[in-house]
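Kindly generate the complete structure, drawing on both the sequences and the hints.
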Amino acid sequence: AGVAAPLLVAALSLLLSLGGMALAGVPTNILSPAAFILIMLVGISDSIHIVSRCSELRRDGMGPSAAAAAAARQMMLPCLLTSLTTAGVFAALGLTRVPMIVELGRAVAIGSAAAFAVSWLLVPPLLVLLPPRPPPGEGRIRTAVDRLHAAVLARPRAFVTASAIAAIAFLALSLRVEVNSPLLADLRDDHPVQETNRFLEKEFGGVVSLDLLVWPPEAGQPYSKERMEGISRLAGRVEELPGVLNADSAMDMLRQLHPLLDRVPEEEIGLLMPSALLLVEEEVRAWVNPDEHVQRIRMRIRNLPTDEAMALFDELGRLAGEELGPGSRVLLTGQGYFGQVANHRIIQIFKSSFLFGIGSVCLVLLLAFRQTGYVAALLAANLFPMLAVFGLMGLAGIDLRYTSAVVLTVAFGIVVDDSIHALSQLHAARAKARPLSDAVRSAGIGISWTSAT
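Each residue of the sequence shown is one higher than the one before, counting from 1 in the numbering used here.
Just so you know, the hints here were simulated from the structure itself, not pulled from any lab data.
Predicted model only: the values in this text are computed from it and were never measured.
Careful, some of the hints might be misleading.
Taking CB as the label site, the calculated pair distances span [stated by the list, open to error]:
| # | residue 1 | residue 2 | range |
| --- | --- | --- | --- |
| 1 | Asn-289 | Leu-408 | 19 to 27 Å |
| 2 | Arg-370 | Leu-129 | 34 to 42 Å |
| 3 | Pro-27 | Asp-399 | 27 to 35 Å |
| 4 | Leu-23 | Leu-383 | 34 to 42 Å |
| 5 | Thr-403 | Pro-131 | 38 to 46 Å |
| 6 | Asn-289 | Glu-226 | 17 to 25 Å |
| 7 | Asp-252 | Ile-168 | 28 to 36 Å |
| 8 | Ala-342 | Phe-199 | 43 to 51 Å |
| 9 | Ala-169 | Pro-27 | 36 to 44 Å |
| 10 | Arg-97 | Arg-198 | 27 to 35 Å |
| 11 | Asn-29 | Leu-200 | 35 to 43 Å |
Idealized CB from N, CA, C, for every residue including glycine.
The structure is reproduced here in C-alpha coordinates:
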(Lines of atoms letter the chains of each structure in order from A; the text may use other names.)
(Lines give C-alpha, C1' and ligand atoms only; values in the text may rest on other atoms or scores of the structure.)
Protein backbone atom coordinates (compact mmCIF):
# COMPACT_ATOMS: atom_id res chain seq x y z
CA ALA A 1 0.00 0.00 0.00
CA GLY A 2 2.82 2.39 0.88
CA VAL A 3 4.48 1.84 -2.49
CA ALA A 4 1.56 1.14 -4.82
CA ALA A 5 -0.74 3.97 -3.74
CA PRO A 6 1.69 6.91 -4.16
CA LEU A 7 3.07 5.61 -7.47
CA LEU A 8 -0.38 4.99 -8.90
CA VAL A 9 -1.58 8.41 -7.73
CA ALA A 10 1.48 10.06 -9.30
CA ALA A 11 0.88 8.31 -12.66
CA LEU A 12 -2.85 9.09 -12.77
CA SER A 13 -2.24 12.68 -11.63
CA LEU A 14 0.12 13.20 -14.56
CA LEU A 15 -2.37 11.70 -17.00
CA LEU A 16 -5.21 13.86 -15.69
CA SER A 17 -2.95 16.92 -15.74
CA LEU A 18 -1.99 16.34 -19.37
CA GLY A 19 -5.66 15.94 -20.25
CA GLY A 20 -6.55 19.12 -18.34
CA MET A 21 -3.70 21.00 -20.05
CA ALA A 22 -4.97 19.84 -23.44
CA LEU A 23 -8.53 20.98 -22.65
CA ALA A 24 -7.29 24.34 -21.30
CA GLY A 25 -4.94 24.86 -24.24
CA VAL A 26 -1.78 24.89 -22.09
CA PRO A 27 1.18 23.78 -24.24
CA THR A 28 4.29 22.04 -22.98
CA ASN A 29 7.60 23.94 -22.99
CA ILE A 30 11.13 23.61 -21.64
CA LEU A 31 9.87 24.18 -18.07
CA SER A 32 7.20 21.46 -18.29
CA PRO A 33 9.45 18.74 -16.79
CA ALA A 34 9.63 20.86 -13.62
CA ALA A 35 5.83 21.08 -13.59
CA PHE A 36 5.43 17.32 -14.05
CA ILE A 37 7.90 16.55 -11.26
CA LEU A 38 6.06 18.91 -8.92
CA ILE A 39 2.67 17.37 -9.81
CA MET A 40 4.10 13.93 -9.03
CA LEU A 41 5.43 15.23 -5.70
CA VAL A 42 2.06 16.74 -4.76
CA GLY A 43 0.27 13.46 -5.49
CA ILE A 44 2.89 11.36 -3.72
CA SER A 45 2.88 13.71 -0.72
CA ASP A 46 -0.89 13.53 -0.30
CA SER A 47 -0.78 9.74 -0.63
CA ILE A 48 2.01 9.34 1.92
CA HIS A 49 0.12 11.44 4.47
CA ILE A 50 -3.04 9.34 4.04
CA VAL A 51 -1.12 6.04 4.16
CA SER A 52 0.92 7.16 7.17
CA ARG A 53 -2.17 8.24 9.08
CA CYS A 54 -3.99 5.00 8.21
CA SER A 55 -0.98 3.00 9.39
CA GLU A 56 -1.01 4.85 12.70
CA LEU A 57 -4.74 4.23 13.17
CA ARG A 58 -4.26 0.53 12.38
CA ARG A 59 -1.57 0.39 15.04
CA ASP A 60 -4.08 1.87 17.50
CA GLY A 61 -6.43 -1.06 16.83
CA MET A 62 -8.77 0.10 14.04
CA GLY A 63 -9.81 -2.27 11.26
CA PRO A 64 -8.76 -1.68 7.62
CA SER A 65 -12.03 -0.07 6.46
CA ALA A 66 -12.47 2.11 9.53
CA ALA A 67 -8.80 3.21 9.48
CA ALA A 68 -8.91 4.04 5.77
CA ALA A 69 -12.13 6.05 6.17
CA ALA A 70 -10.81 7.90 9.23
CA ALA A 71 -7.48 8.66 7.53
CA ALA A 72 -9.23 10.02 4.45
CA ARG A 73 -11.55 12.14 6.59
CA GLN A 74 -8.72 13.54 8.73
CA MET A 75 -6.39 14.21 5.77
CA MET A 76 -8.98 15.77 3.49
CA LEU A 77 -8.70 19.32 4.86
CA PRO A 78 -4.88 19.56 4.95
CA CYS A 79 -4.58 17.93 1.51
CA LEU A 80 -7.19 20.33 0.15
CA LEU A 81 -5.39 23.31 1.68
CA THR A 82 -2.01 22.22 0.33
CA SER A 83 -3.53 21.79 -3.14
CA LEU A 84 -5.18 25.22 -2.96
CA THR A 85 -2.05 26.98 -1.74
CA THR A 86 0.20 25.21 -4.28
CA ALA A 87 -2.22 26.12 -7.06
CA GLY A 88 -2.35 29.71 -5.75
CA VAL A 89 1.42 30.11 -5.53
CA PHE A 90 1.93 28.86 -9.06
CA ALA A 91 -1.10 30.65 -10.49
CA ALA A 92 0.60 33.83 -9.23
CA LEU A 93 3.28 33.19 -11.86
CA GLY A 94 0.71 34.54 -14.28
CA LEU A 95 1.76 37.98 -13.05
CA THR A 96 5.04 37.56 -14.93
CA ARG A 97 3.21 37.82 -18.27
CA VAL A 98 6.00 35.65 -19.70
CA PRO A 99 4.18 32.92 -21.68
CA MET A 100 6.63 30.12 -20.79
CA ILE A 101 6.37 30.83 -17.05
CA VAL A 102 2.63 31.54 -17.15
CA GLU A 103 2.11 28.14 -18.75
CA LEU A 104 4.21 26.52 -16.00
CA GLY A 105 1.96 28.10 -13.36
CA ARG A 106 -1.21 27.00 -15.13
CA ALA A 107 0.10 23.44 -15.55
CA VAL A 108 0.94 23.11 -11.85
CA ALA A 109 -2.41 24.63 -10.82
CA ILE A 110 -4.24 22.06 -12.96
CA GLY A 111 -1.99 19.29 -11.67
CA SER A 112 -2.53 20.22 -8.02
CA ALA A 113 -6.28 19.84 -8.45
CA ALA A 114 -5.81 16.53 -10.27
CA ALA A 115 -3.44 15.18 -7.61
CA PHE A 116 -5.85 16.04 -4.80
CA ALA A 117 -8.80 14.42 -6.57
CA VAL A 118 -6.90 11.24 -7.42
CA SER A 119 -5.25 10.78 -4.01
CA TRP A 120 -8.42 11.40 -2.00
CA LEU A 121 -10.63 9.18 -4.18
CA LEU A 122 -8.15 6.38 -4.94
CA VAL A 123 -5.94 5.89 -1.88
CA PRO A 124 -8.63 4.97 0.71
CA PRO A 125 -10.04 2.06 -1.38
CA LEU A 126 -6.49 0.84 -1.99
CA LEU A 127 -5.88 0.89 1.75
CA VAL A 128 -8.95 -1.30 2.27
CA LEU A 129 -7.74 -3.78 -0.36
CA LEU A 130 -4.10 -3.62 0.78
CA PRO A 131 -4.17 -2.97 4.53
CA PRO A 132 -0.94 -1.15 5.44
CA ARG A 133 1.45 -2.40 8.08
CA PRO A 134 3.87 -0.15 9.93
CA PRO A 135 7.23 -0.01 8.09
CA PRO A 136 10.05 -1.82 9.92
CA GLY A 137 12.00 1.39 10.51
CA GLU A 138 9.05 3.57 11.45
CA GLY A 139 9.52 2.99 15.17
CA ARG A 140 13.03 4.41 15.05
CA ILE A 141 11.89 7.38 13.00
CA ARG A 142 9.01 8.04 15.38
CA THR A 143 11.39 7.86 18.34
CA ALA A 144 13.76 10.33 16.67
CA VAL A 145 10.88 12.72 15.88
CA ASP A 146 9.58 12.50 19.46
CA ARG A 147 13.04 13.15 20.93
CA LEU A 148 13.62 16.13 18.69
CA HIS A 149 10.19 17.50 19.55
CA ALA A 150 10.82 17.03 23.26
CA ALA A 151 14.21 18.76 23.03
CA VAL A 152 12.68 21.76 21.25
CA LEU A 153 9.80 22.09 23.73
CA ALA A 154 12.17 21.79 26.68
CA ARG A 155 14.03 24.96 25.61
CA PRO A 156 11.70 26.93 23.33
CA ARG A 157 13.38 30.30 23.89
CA ALA A 158 16.84 28.88 23.19
CA PHE A 159 15.54 27.23 20.02
CA VAL A 160 13.86 30.42 18.78
CA THR A 161 16.98 32.44 19.60
CA ALA A 162 19.20 29.99 17.73
CA SER A 163 16.81 30.08 14.78
CA ALA A 164 16.87 33.89 14.76
CA ILE A 165 20.68 33.92 14.79
CA ALA A 166 20.75 31.39 11.96
CA ALA A 167 18.22 33.48 10.01
CA ILE A 168 20.41 36.58 10.37
CA ALA A 169 23.44 34.59 9.17
CA PHE A 170 21.50 33.26 6.17
CA LEU A 171 20.23 36.78 5.43
CA ALA A 172 23.81 38.08 5.39
CA LEU A 173 24.86 35.27 3.03
CA SER A 174 21.84 35.88 0.80
CA LEU A 175 23.13 39.39 0.07
CA ARG A 176 25.89 37.70 -1.94
CA VAL A 177 23.36 36.24 -4.39
CA GLU A 178 23.66 38.05 -7.72
CA VAL A 179 21.17 38.34 -10.55
CA ASN A 180 23.32 36.96 -13.36
CA SER A 181 22.08 35.47 -16.61
CA PRO A 182 24.68 35.28 -19.37
CA LEU A 183 23.48 33.31 -22.36
CA LEU A 184 23.97 29.54 -22.00
CA ALA A 185 24.36 30.05 -18.24
CA ASP A 186 22.52 26.79 -17.49
CA LEU A 187 25.10 24.72 -19.41
CA ARG A 188 28.31 23.61 -17.73
CA ASP A 189 31.59 25.16 -18.89
CA ASP A 190 32.78 22.04 -20.71
CA HIS A 191 29.51 21.58 -22.62
CA PRO A 192 30.11 21.42 -26.41
CA VAL A 193 27.83 24.42 -27.00
CA GLN A 194 29.86 26.50 -24.51
CA GLU A 195 33.12 25.42 -26.14
CA THR A 196 31.77 26.26 -29.59
CA ASN A 197 30.63 29.69 -28.41
CA ARG A 198 34.10 30.46 -26.98
CA PHE A 199 35.70 29.32 -30.26
CA LEU A 200 33.41 31.62 -32.27
CA GLU A 201 34.20 34.53 -29.96
CA LYS A 202 37.92 33.99 -30.43
CA GLU A 203 38.09 33.17 -34.14
CA PHE A 204 34.97 34.56 -35.84
CA GLY A 205 34.00 37.73 -34.00
CA GLY A 206 31.37 36.13 -31.76
CA VAL A 207 27.68 35.34 -32.19
CA VAL A 208 25.98 37.43 -29.46
CA SER A 209 24.43 40.39 -31.28
CA LEU A 210 23.85 43.88 -29.92
CA ASP A 211 22.46 46.70 -32.05
CA LEU A 212 22.22 50.44 -31.47
CA LEU A 213 19.48 52.07 -33.55
CA VAL A 214 19.93 55.79 -34.22
CA TRP A 215 16.97 57.90 -35.29
CA PRO A 216 17.54 61.00 -37.45
CA PRO A 217 17.20 64.46 -35.91
CA GLU A 218 13.73 65.96 -36.07
CA ALA A 219 15.07 68.87 -38.09
CA GLY A 220 17.94 68.87 -40.56
CA GLN A 221 19.48 66.44 -42.96
CA PRO A 222 19.70 62.85 -41.68
CA TYR A 223 22.84 62.29 -43.79
CA SER A 224 24.60 65.54 -43.17
CA LYS A 225 28.36 65.48 -42.95
CA GLU A 226 28.29 66.18 -39.20
CA ARG A 227 25.71 63.51 -38.55
CA MET A 228 27.58 60.80 -40.43
CA GLU A 229 30.88 61.74 -38.85
CA GLY A 230 29.26 61.51 -35.40
CA ILE A 231 27.92 58.02 -36.12
CA SER A 232 31.32 56.95 -37.46
CA ARG A 233 33.10 58.24 -34.35
CA LEU A 234 30.51 56.56 -32.13
CA ALA A 235 31.07 53.19 -33.84
CA GLY A 236 34.81 53.58 -33.42
CA ARG A 237 34.53 54.36 -29.69
CA VAL A 238 32.05 51.52 -29.17
CA GLU A 239 34.48 49.00 -30.65
CA GLU A 240 37.04 49.96 -28.00
CA LEU A 241 34.71 49.20 -25.08
CA PRO A 242 35.45 46.12 -22.92
CA GLY A 243 33.28 43.21 -23.98
CA VAL A 244 32.68 44.47 -27.55
CA LEU A 245 34.31 42.24 -30.16
CA ASN A 246 33.51 44.36 -33.20
CA ALA A 247 31.23 47.19 -34.32
CA ASP A 248 30.38 48.60 -37.73
CA SER A 249 28.07 51.19 -39.23
CA ALA A 250 26.94 52.41 -42.64
CA MET A 251 30.20 54.31 -42.98
CA ASP A 252 32.15 51.06 -42.81
CA MET A 253 29.92 49.61 -45.51
CA LEU A 254 30.52 52.64 -47.73
CA ARG A 255 34.26 52.20 -47.44
CA GLN A 256 33.87 48.62 -48.63
CA LEU A 257 31.54 49.34 -51.56
CA HIS A 258 34.32 50.01 -53.98
CA PRO A 259 38.09 50.20 -53.72
CA LEU A 260 37.97 53.70 -55.21
CA LEU A 261 36.34 54.92 -52.02
CA ASP A 262 39.67 54.47 -50.29
CA ARG A 263 40.90 57.43 -52.33
CA VAL A 264 38.02 59.64 -51.21
CA PRO A 265 38.97 61.98 -48.34
CA GLU A 266 37.57 60.87 -44.99
CA GLU A 267 35.55 64.04 -44.53
CA GLU A 268 33.76 63.60 -47.88
CA ILE A 269 32.55 59.99 -47.50
CA GLY A 270 29.39 60.99 -45.66
CA LEU A 271 28.24 63.02 -48.67
CA LEU A 272 28.05 59.80 -50.71
CA MET A 273 25.22 58.35 -48.61
CA PRO A 274 22.28 59.65 -50.77
CA SER A 275 23.90 58.19 -53.90
CA ALA A 276 24.61 54.93 -52.10
CA LEU A 277 20.96 54.62 -51.11
CA LEU A 278 19.94 54.93 -54.75
CA LEU A 279 22.61 52.68 -56.22
CA VAL A 280 23.00 49.87 -53.69
CA GLU A 281 19.80 49.77 -51.64
CA GLU A 282 20.17 46.09 -50.88
CA GLU A 283 23.70 46.57 -49.57
CA VAL A 284 22.71 49.49 -47.36
CA ARG A 285 19.57 47.91 -45.93
CA ALA A 286 21.51 46.13 -43.17
CA TRP A 287 22.58 49.51 -41.77
CA VAL A 288 19.99 52.05 -42.91
CA ASN A 289 16.20 52.14 -43.21
CA PRO A 290 15.78 54.23 -46.37
CA ASP A 291 12.18 55.20 -45.50
CA GLU A 292 12.62 56.46 -41.93
CA HIS A 293 16.40 57.06 -42.18
CA VAL A 294 17.05 55.06 -39.00
CA GLN A 295 20.68 53.94 -38.88
CA ARG A 296 22.12 50.93 -37.14
CA ILE A 297 25.44 50.34 -35.42
CA ARG A 298 25.90 46.59 -35.45
CA MET A 299 27.99 44.92 -32.73
CA ARG A 300 29.10 41.50 -31.59
CA ILE A 301 29.78 41.19 -27.86
CA ARG A 302 31.17 38.57 -25.54
CA ASN A 303 28.88 36.38 -23.47
CA LEU A 304 29.04 38.82 -20.56
CA PRO A 305 27.89 38.45 -16.95
CA THR A 306 24.81 40.52 -16.17
CA ASP A 307 26.55 43.28 -14.21
CA GLU A 308 29.13 43.82 -16.98
CA ALA A 309 26.42 43.76 -19.65
CA MET A 310 24.33 46.35 -17.80
CA ALA A 311 27.40 48.57 -17.39
CA LEU A 312 28.05 48.26 -21.15
CA PHE A 313 24.46 49.26 -21.97
CA ASP A 314 24.75 52.35 -19.78
CA GLU A 315 28.08 53.29 -21.36
CA LEU A 316 26.63 52.96 -24.87
CA GLY A 317 23.86 55.39 -23.95
CA ARG A 318 26.40 57.85 -22.54
CA LEU A 319 28.65 57.69 -25.61
CA ALA A 320 25.67 58.17 -27.93
CA GLY A 321 24.77 61.34 -26.04
CA GLU A 322 28.33 62.63 -26.37
CA GLU A 323 28.76 61.98 -30.09
CA LEU A 324 25.24 62.63 -31.38
CA GLY A 325 24.00 65.23 -28.94
CA PRO A 326 21.88 64.90 -25.79
CA GLY A 327 18.60 65.08 -27.73
CA SER A 328 19.37 62.19 -30.04
CA ARG A 329 17.01 59.23 -29.99
CA VAL A 330 18.77 55.85 -29.76
CA LEU A 331 17.56 52.36 -28.86
CA LEU A 332 19.43 49.22 -27.86
CA THR A 333 18.18 45.91 -29.18
CA GLY A 334 19.44 42.48 -30.20
CA GLN A 335 19.93 39.09 -28.59
CA GLY A 336 22.60 40.24 -26.14
CA TYR A 337 20.35 43.04 -24.88
CA PHE A 338 17.07 41.18 -24.56
CA GLY A 339 18.68 38.13 -22.96
CA GLN A 340 19.92 40.25 -20.06
CA VAL A 341 17.12 42.77 -19.66
CA ALA A 342 14.33 40.18 -19.95
CA ASN A 343 15.88 38.05 -17.21
CA HIS A 344 16.26 41.11 -14.98
CA ARG A 345 12.61 41.94 -15.52
CA ILE A 346 11.47 38.34 -14.90
CA ILE A 347 13.36 38.25 -11.57
CA GLN A 348 11.64 41.46 -10.47
CA ILE A 349 8.23 40.05 -11.38
CA PHE A 350 9.07 36.79 -9.58
CA LYS A 351 9.55 38.81 -6.41
CA SER A 352 6.06 40.27 -6.82
CA SER A 353 4.63 36.81 -7.55
CA PHE A 354 6.34 35.43 -4.44
CA LEU A 355 4.81 38.13 -2.23
CA PHE A 356 1.42 37.49 -3.87
CA GLY A 357 1.84 33.76 -3.18
CA ILE A 358 2.60 34.41 0.50
CA GLY A 359 -0.47 36.62 0.73
CA SER A 360 -2.71 34.00 -0.89
CA VAL A 361 -1.39 31.29 1.45
CA CYS A 362 -2.10 33.47 4.49
CA LEU A 363 -5.61 34.24 3.25
CA VAL A 364 -6.45 30.56 2.65
CA LEU A 365 -5.21 29.59 6.11
CA LEU A 366 -7.01 32.46 7.79
CA LEU A 367 -10.28 31.42 6.15
CA ALA A 368 -9.69 27.75 7.03
CA PHE A 369 -8.58 28.06 10.66
CA ARG A 370 -9.65 31.60 11.66
CA GLN A 371 -6.56 31.81 13.85
CA THR A 372 -4.08 34.64 13.27
CA GLY A 373 -1.56 32.80 15.45
CA TYR A 374 -1.53 29.90 12.99
CA VAL A 375 -0.86 32.27 10.10
CA ALA A 376 1.98 33.98 11.98
CA ALA A 377 3.51 30.62 12.88
CA LEU A 378 3.30 29.44 9.29
CA LEU A 379 4.92 32.62 7.98
CA ALA A 380 7.85 32.27 10.38
CA ALA A 381 8.20 28.55 9.67
CA ASN A 382 8.11 29.08 5.89
CA LEU A 383 10.32 32.14 5.56
CA PHE A 384 13.14 30.56 7.58
CA PRO A 385 13.87 27.70 5.11
CA MET A 386 13.59 30.15 2.19
CA LEU A 387 16.18 32.35 3.88
CA ALA A 388 18.30 29.23 4.32
CA VAL A 389 18.00 28.45 0.59
CA PHE A 390 19.04 31.99 -0.37
CA GLY A 391 21.90 31.91 2.12
CA LEU A 392 23.20 28.60 0.79
CA MET A 393 22.90 29.97 -2.77
CA GLY A 394 25.09 32.90 -1.72
CA LEU A 395 27.55 30.58 0.00
CA ALA A 396 27.77 28.25 -3.01
CA GLY A 397 27.91 31.08 -5.55
CA ILE A 398 24.65 30.11 -7.29
CA ASP A 399 23.30 33.03 -9.32
CA LEU A 400 19.67 34.08 -9.39
CA ARG A 401 18.06 33.80 -12.81
CA TYR A 402 14.66 32.65 -13.99
CA THR A 403 15.52 28.94 -13.72
CA SER A 404 16.68 29.20 -10.10
CA ALA A 405 13.69 31.47 -9.36
CA VAL A 406 11.37 28.67 -10.54
CA VAL A 407 13.19 26.24 -8.21
CA LEU A 408 12.66 28.65 -5.31
CA THR A 409 8.95 28.70 -6.08
CA VAL A 410 8.87 24.90 -6.03
CA ALA A 411 10.74 24.85 -2.70
CA PHE A 412 8.30 27.33 -1.21
CA GLY A 413 5.36 25.18 -2.29
CA ILE A 414 6.83 22.10 -0.59
CA VAL A 415 7.62 24.03 2.60
CA VAL A 416 4.05 25.38 2.75
CA ASP A 417 2.65 21.86 2.35
CA ASP A 418 4.61 20.54 5.35
CA SER A 419 3.57 23.49 7.51
CA ILE A 420 -0.10 23.13 6.60
CA HIS A 421 -0.14 19.45 7.58
CA ALA A 422 1.45 20.27 10.94
CA LEU A 423 -0.98 23.14 11.62
CA SER A 424 -3.97 21.06 10.51
CA GLN A 425 -3.10 18.34 13.00
CA LEU A 426 -2.56 20.95 15.71
CA HIS A 427 -5.97 22.45 14.96
CA ALA A 428 -7.60 19.01 15.09
CA ALA A 429 -5.93 18.21 18.43
CA ARG A 430 -6.54 21.62 20.03
CA ALA A 431 -9.03 20.16 22.57
CA LYS A 432 -6.63 17.47 23.81
CA ALA A 433 -4.40 17.70 26.86
CA ARG A 434 -1.19 17.87 24.84
CA PRO A 435 -2.25 19.22 21.44
CA LEU A 436 1.24 20.06 20.19
CA SER A 437 2.68 16.66 21.04
CA ASP A 438 -0.30 14.90 19.48
CA ALA A 439 0.06 17.05 16.33
CA VAL A 440 3.75 16.23 16.01
CA ARG A 441 3.04 12.54 16.54
CA SER A 442 0.27 12.55 13.90
CA ALA A 443 1.96 14.69 11.25
CA GLY A 444 5.66 14.15 12.00
CA ILE A 445 6.07 10.80 10.26
CA GLY A 446 4.21 11.91 7.14
CA ILE A 447 6.18 15.16 6.96
CA SER A 448 9.45 13.25 7.40
CA TRP A 449 8.66 10.82 4.56
CA THR A 450 7.31 13.50 2.19
CA SER A 451 10.34 15.74 2.81
CA ALA A 452 12.69 12.83 2.13
CA THR A 453 10.76 12.07 -1.05
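In rising order, the numbers of the hints this structure does not comply with:
1, 7, 8, 11
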